[in-house]
Amino acid sequence: MTKPLTEIKPSSPSITRSTTTKATFTNLTPADSIFRSTVENTSITRSPTSGAPSSASISVKRSKLQSCTLTNSSTRRCTLTNTTLLNVPAARSLDATDSSLSNIRRLRRSEIRASAVSDSAVRRSTVVDSTVKQSLLWRSKLNHVDMFKSRVKRAVLTDCEVSECVVIGTEFKGMRLRFGVWKHGRLVGRVGEGEVVFEEMDVSPLYLWSVGGEGGGRGGGGGFGCWVYAYADMRKQGKKDKAVAAAADAKVEKLDYKVLQDESESEEEDESTASDEEAERPPPYAP
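Its first residue numbered 1, the sequence shown is counted upward by one per residue in UniProt numbering.
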């Protein structure tokens, strides 16, 4: 007489060479593992999803987590402090502090500081005090940038607002960009049906007053005059930038986003030759 088949129960996750303090692990599967990690005040959760592949399991390797929350995420060689990862299928060599990362397709070899990144792909980039939504970053640096539906490659952006743009090999500071394609500092095309916007962002009057010279105040030694001059100069510069952008918009060719795709993908590491890197593809929501 044959013995009845017994149900195989999932085994506990593997925790190796790790220090765990006040941590909660919920709904883990045999595919989950924590390896050479320090976990403190951390909640790691995998919500049950029907038909979800085993690759969606949470895997933490050679990572240091402090006061973090991971949900449906996988990390490898990462350092996370006061950071939330939500639906991040792969995060490798990531250093994140005081940030929120959600629905990110790929996150590799990057540094995220006090930023919110969602519905994007980030690779070999530095993001500081910025908000990035539905965008693709590759080998770029963002500092105090608000970005939406844009593709940025080998660029440096500081104090900028970028929406539905493609920026390649260019450095901008204090600019507002819309619907344009910039390559090596030149406007070479536009994206979508909107008018290309390239204008200097306004500087607050309080800041202009502070740089107006010593003596401060309307009755002080020339402070008010400096403020008026600086403010008028800023308004003049803004109008000039708008005029240049309008003229450029009338001349540049409207480019499809896919025109720039081949050049970007040619520089990506091939999946068959790179053991730790996978071939990148632009997210479908990019402009």
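These are calculated hints, taken from the structure and not from any lab test. Bear in mind the structure is a predicted one, so any value in this text is a computation, not a measurement. Misleading hints may appear alongside valid ones.
[Unchecked claim] Once the Cα atoms are required to be at most 27 Å apart in a straight line, the calculated DSS-like pairs of lysine-lysine come out as:
| id | residue 1 | residue 2 |
| --- | --- | --- |
| 1 | Lys64 | Lys183 |
| 2 | Lys133 | Lys149 |
| 3 | Lys173 | Lys133 |
| 4 | Lys183 | Lys149 |
| 5 | Lys173 | Lys149 |
| 6 | Lys141 | Lys173 |
| 7 | Lys133 | Lys183 |
| 8 | Lys173 | Lys183 |
| 9 | Lys183 | Lys141 |
Hints versus structure:
A threshold of 27 Å between alpha carbons decides the hint, and for Lys64 with Lys183 the separation of about 38 Å lies outside it, so the pair is violated. Restraint check: the Cα-Cα separation between Lys133 and Lys149 comes to about 6 Å, which is no more than 27 Å; the hinted pair holds. The straight-line distance between the Cα atoms of Lys173 and Lys133 is roughly 20 Å, inside the 27 Å bound, and the hint therefore holds. Proposed proximity of Lys183 and Lys149 is supported: the alpha carbons are some 17 Å apart, at most 27 Å.
Restraint check: the Cα-Cα separation between Lys173 and Lys149 comes to about 19 Å, which is no more than 27 Å; the hinted pair holds. A distance of roughly 12 Å separates the Cα atoms of Lys141 and Lys173; the hinted pair therefore holds under the 27 Å criterion. For a cut-off of 27 Å, the pair hint linking Lys133 to Lys183 stands: about 21 Å separates their Cα positions. About 15 Å separates the Cα atoms of Lys173 and Lys183, which keeps this hinted pair within 27 Å; it holds.
A threshold of 27 Å between alpha carbons decides the hint, and for Lys183 with Lys141 the separation of about 16 Å falls inside it, so the pair holds.
In this structure, the one hint that does not hold is number 1.
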